[in-house]
Structure formats: structure tokens, C-alpha cells
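Undergrad: I would like the entire structure built from these sequences, with the hints used as guidance.
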Amino acid sequence: MSTAARPYALLAEFDNPATVMHAAEKIRDAGYHRWDVHTPFPIHGLDGAMGLRDSKVGWFTFIGGTSGFTLGMLMIWWMGKVDYAIPVGGKPLFSPIFAVPIAYELTILLGAFGTLFGMFFLNRLPKHYHPVLKHPRFRNVTHDKIYVVIENADPKFSDAETRKLLENVGGQHIEVVED
Amino acid sequence: MAHSAHNVPTFVVAPPPELEREPLVHNQRSFGWISDKIAGIAEGKTPTWWWIALGISVTGMLMMFGMIAYLISTGVGVWGLHQPTAWAWDITNFVFWIGIGHAGTLISAILCLLRQRWRTSINRAAEAMTLFAVVCAGIFPVIHTGRVWYALMPGFLIPFPNANVIWPQFRSPLLWDVFAVSTYGTVSLLFWFTGLIPDLATMRDRATTKLKKFLYGLFAMGWTGSNRHWSNYEKAYLILAGLSTPLVLSVHSIVSFDFAVSQVPGWHTTIFPPYFVAGAIFSGFGMVLTLLIPLRSICKLEDVITTRHIELMCKVILATGSMVGYAYGMEFFIAWYGGNPYELYAFENRAFGPYWWAYWTMITCNVISPHLFWFKWSRTRMWFVFLVSIVVNIGMWFERFVIIVTSLHRDYLPSSWDYFHPTYVDVMTFIGSFGLFCTLFLLFMRFLPIIAIAEVKAVTPQADPHHPLGGAKLGGAH
Numbered sequence: 001m002s003t004a005a006r007p008y009a010l011l012a013e014f015d016n017p018a019t020v021m022h023a024a025e026k027i028r029d030a031g032y033h034r035w036d037v038h039t040p041f042p043i044h045g046l047d048g049a050m051g052l053r054d055s056k057v058g059w060f061t062f063i064g065g066t067s068g069f070t071l072g073m074l075m076i077w078w079m080g081k082v083d084y085a086i087p088v089g090g091k092p093l094f095s096p097i098f099a100v101p102i103a104y105e106l107t108i109l110l111g112a113f114g115t116l117f118g119m120f121f122l123n124r125l126p127k128h129y130h131p132v133l134k135h136p137r138f139r140n141v142t143h144d145k146i147y148v149v150i151e152n153a154d155p156k157f158s159d160a161e162t163r164k165l166l167e168n169v170g171g172q173h174i175e176v177v178e179d
Numbered sequence: 001m002a003h004s005a006h007n008v009p010t011f012v013v014a015p016p017p018e019l020e021r022e023p024l025v026h027n028q029r030s031f032g033w034i035s036d037k038i039a040g041i042a043e044g045k046t047p048t049w050w051w052i053a054l055g056i057s058v059t060g061m062l063m064m065f066g067m068i069a070y071l072i073s074t075g076v077g078v079w080g081l082h083q084p085t086a087w088a089w090d091i092t093n094f095v096f097w098i099g100i101g102h103a104g105t106l107i108s109a110i111l112c113l114l115r116q117r118w119r120t121s122i123n124r125a126a127e128a129m130t131l132f133a134v135v136c137a138g139i140f141p142v143i144h145t146g147r148v149w150y151a152l153m154p155g156f157l158i159p160f161p162n163a164n165v166i167w168p169q170f171r172s173p174l175l176w177d178v179f180a181v182s183t184y185g186t187v188s189l190l191f192w193f194t195g196l197i198p199d200l201a202t203m204r205d206r207a208t209t210k211l212k213k214f215l216y217g218l219f220a221m222g223w224t225g226s227n228r229h230w231s232n233y234e235k236a237y238l239i240l241a242g243l244s245t246p247l248v249l250s251v252h253s254i255v256s257f258d259f260a261v262s263q264v265p266g267w268h269t270t271i272f273p274p275y276f277v278a279g280a281i282f283s284g285f286g287m288v289l290t291l292l293i294p295l296r297s298i299c300k301l302e303d304v305i306t307t308r309h310i311e312l313m314c315k316v317i318l319a320t321g322s323m324v325g326y327a328y329g330m331e332f333f334i335a336w337y338g339g340n341p342y343e344l345y346a347f348e349n350r351a352f353g354p355y356w357w358a359y360w361t362m363i364t365c366n367v368i369s370p371h372l373f374w375f376k377w378s379r380t381r382m383w384f385v386f387l388v389s390i391v392v393n394i395g396m397w398f399e400r401f402v403i404i405v406t407s408l409h410r411d412y413l414p415s416s417w418d419y420f421h422p423t424y425v426d427v428m429t430f431i432g433s434f435g436l437f438c439t440l441f442l443l444f445m446r447f448l449p450i451i452a453i454a455e456v457k458a459v460t461p462q463a464d465p466h467h468p469l470g471g472a473k474l475g476g477a478h
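Line by line, the protein sequences are chains D and P.
Per our numbering, residue 1 is the first one in the first sequence, and the count goes up by one each step.
Per our numbering, residue 1 is the first one in the second sequence, and the count goes up by one each step.
Derived contacts from chain P toward chain D, CB cut-off under 8 angstroms, selection only:
hint, residue
1, 30
2, 167
3, 190
4, 194
5, 205
6, 217
7, 225
8, 227
9, 228
10, 230
11, 231
12, 240
13, 254
14, 463
15, 465
In case anyone wonders, no lab produced these hints; they're calculated from the structure.
Yeah, the Cβ is synthetic: ideal placement off N, Cα and C, and Gly gets one too.
TA: Next comes the structure, spelled out in C-alpha cells:
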């Protein structure tokens, strides 16, 4: 690693979900904001321990779904009744009944796109550069280890205090991550 | 990679006996073991059997493409169908393949909403199966139009302002089907990709070559396992499951509208949507078992895809098979009770007419065979389950053949009555579609984790912060 690199964060390793859960509660209560827990799998209850609010992904789904339904209905009405009417057997040129299957499918289609892209937007993904990904030990995050990362940019961060906190809550291999 | 010290305590406090269940991962495997095992299948040396299987599959696939080229260059006359049997193997194969896909979505979406945690070991492979089945299904309605360039040109099926200034016919269920199947394919792909993101990150972090690291990393979107990300991810996954559930139910309902909305005796029945959905799930689970039973023994996955998983799938087959059996009976009852002579004739002709052999093959495979799964003996013998799963697949293909061909071959004018004979082009196109399906599946299992690594880790006891194995202190409070 180059000597010119700036420190980005402190990284602590954990072995099991229960320890990291308590650690997260203590770090939350200590008043940190720019920190994160990196885990190989979602840990039930960790959101609460970190003090995270409920995810807002659902709003993106809602926007996608309603636009899909509206788009489907308007498309079928405009194309079949307004722009180029084809009378067949005296059947109505537009009826919300026969438009349901297509509008329904478009609700789901755009709702799904809204959900996925909403999730990417909220998570600021794709993001192929992240300082923690350069840390050699961090490769185990997708294997079997859990990491707590507290950023230097946090107003409460101090090298000694934060390191001590991480030690107290059971973190092992506390190391500096460089940007 | 850290193969050695997975700090799993060996001392376990047994849960109260009334809460005890067979674990989803046998032998208390650690997180590291799960990644090593599953990622190892895609990372290891390519086995010889894989090359042989790929060779056979690619040959089948090329045979199908050759048959399609012959069909397009010559015309649909190379198939055995003609009036009044205007639909035969083409649409049978379409409904067969699209039905197979439904089990994948059922496992990934409906079982997710029902919090059936056993789905995690099988959902990845089942979703892959869905995607590949939809690919196979999509081919048949396109080629059955004969002049495929019309089906593929924007503006004929997909509303697009082309030179003819005319729009598709939105009152036709065939167009609803276009939207249903394309939405189904797209949403299944999105759902599958969402589930793959954390596992692609695992593959990225384990990659030994620059190219692998780049490619896995590219599709892993820069995943770091951040809990702030997991929080949105889990919500998105749940919502996608919530969207896919009404989707999967609607897709086969709309496929059944292709028949039920028409006036043809034997097709014009209101039972079709639920009956088609149940049949689709039935056939799909058959195919999941056909794929997973050899896979689990070749790849030594018995600890992850346990006998309990296989048993549970057999029970789904039993449940949906019973629904299908009920639907067969109810169709006959309504044909009689409805008092319509044409409808009644269509059904008599189905069971006792010239296609009696197809009908009774269907009944044997779909009504009798699933009931073997009432017995634990038959649910726990892998060879037996495998055989029944193939029987189910055969039966469900015959179901679609029976519905389509027996309803069409005798129309209102006895002078045009007909007996359908497939040509070799029909047969080889259908066999070739299995080649395409298997080619895609073999490529999938060679390059991607065939089991959702992160999800399986999450259902082990050591992932539970309230379980002694997850580090919780003894004595209740964590």
C-alpha cells in the first residue's frame, strides 16, 4: 500500500452475529453516524441494532406500479379507440375490462423495475470502487466474517477512542483502512 | 481463503423438543464450508461428464435450430398440423415449457412470502430453470406463425409505430399472452439477478484470475455486504417476491385464456385459469426434481439439499397433482351438467375417441402417480422420486396435447374431421428444445453458484443472533 494513502476508516472483525449485534447497539448509542456493519448474509434484527429506519424501496415500487397501470390503460385506450379504431363484432373499442390483463402485467413489470432500480439508487450501486474492498482481510466478508467499519469522516471519530470502543465491544484485528 | 478456523462452537443447547425440526443444512456446516462447497462447483476443474452432457445438449440445440431454419425457409407445411388441427405440437410445447417455469417462481416468490426457509437451497437452480424454460417456451409461438419476421417485427406483437400505422389487437388473449410471457421472462430475470448479487460478490472475492474477478465484480455491482445495503436489498427482495406471486398466477391464467376465451368446446371453460396454474406448478416441480436429484448427488450437495427438501417438494407435487386430478373430474362433470351436447361430445371424444391413448396416458401420469407420494417410503427414495418426476413431466406434456389436439381435430363439420400425425420436424424440434434447455442449464451450473450461498448461510443456526451457535449467551437473554 502506498504511504501517501489517507486513512479512511477503522475496521474490526467479528466472528458471530450475536457479538456484532451488541457491538452495533453500543456504537449506535455512542452516537456514531458514518459507520456500517458488513456481513456475509442479512442478520435479522441488525437494522434495529444499528438504528436504521425502515427501507424506502416500497415507494419506488409504488411509483413504478402505478405508472405501469396508467400507461397500460392509456395505451390501449389511445391506440385502440382514438388513433386507429378497428370495429370487430360490435365489441367496444375500449373497455377497462379487456384492458386489465395487459395493464396488470405492465403494473408488475414497471413495479419490478422500480423496485430493483430503487434499491440500486438507495444503495448508490453500482459502485465498483470502495476503500474497504482494497483491504486484504475484507475479502472474508462474503465468506464467513463480519466487519464493523467506522469512518474517519464521522464527527465523533478519534483514532484512540474509536479503537478502544471497537476493542471493548469484542472486535478483533482492528486495522486502518486506507483510501 | 480461510478454510481453517470457522469459529463454530461445538457445544449446542438443544431447543425444546416441541420446537425441534430437522435442520436445513446437515452436519452443522459452517459459513465457510457453505461458500467453499457451492462456489467450488463453479470454480473447480470442469468434469468430463459436463463436457459429454454439453456435447449432447448442444447437438440437440443445433438440431432444433436446423429444424427451425427448415421450417422458416419452407413453411409450416413441414409440420403435421393443418385444418382443423391448426395448433398441435407447437402450442403444446409452448404451454409445456412455460408451465415448467412456474415452479421456479413459486419456490422463489410464494415460498418466500410464506417464510418457507427450505426454499433457500433450491431457489437459485429453480429460478434458472424458470428462465431457461421461458426461453424455450418463447420460441414456439414465434415460429408457429410461419412468417416469423412478422412476429418479431416491432409493431405486430409489441405496440410500436411502424410503417403500417396499425396497432396490435388488444382485445385478443393472444396479445395478452405476449405481454404476460415477456413480463414473466423479464421479472424472473430481475428477481434472479437480485438474488445473485451477494453471491457474485462471493465469487468475485474468491476469484483467482483477473478476468474472473473483473466479470464477477462487474455484475456484483460493488456489493460489500453493508448492512445499510442489506436493509434495502431485503426489502426489495421481499417486494419482488410480492410482485412475482400475482405475476406467476396471472401468467398461466392468461395462457389458459388463449383457450378459455375462445368458443371451442373443450376449451371454453372457466376452470381453466386455476387448473392451468396448478398444472404448471405440478409440472414445474417435476422438472425441478428431475434436475436437482442428479445434481445433488453428482455435486455431493446432500448436506444442503437434504432428503427433507426432496420430501417437501414431493408433497407439493402431491398437492398440486390432486388439484389437477380434481380439475379433470370437474371438467367432465360440468361437460355433463352444463347440458351442452357439443361440450359433452368433446369430452367423450377425449376419453374414448381416437386419442383415448393420450388421454389415459395423461390420467395415469398425472392423477395416479402423484398419489404414490402419500408414502414416506416413496418420498425418501431418490431413484423413485426421480422416476416419478419424469412421469409427471410426460403426463403434463400429454395434458396440453390432449387439451389442444382432441378439442380441435373434430370440429362442427364431420367431413373435415382429422387425425393429427406429427412429422419428424415436429418431433426433432421438440427434442431439440430440451437440448437448448440443458445447454443453458449446464452453462449456468459451470459459471454461477447453483445454490443461493448467502441465503443458505442465513438459515443456519449460527446465523441467528439468538441461537447459542450464533453466539448468544445461554440463559435466554442475548
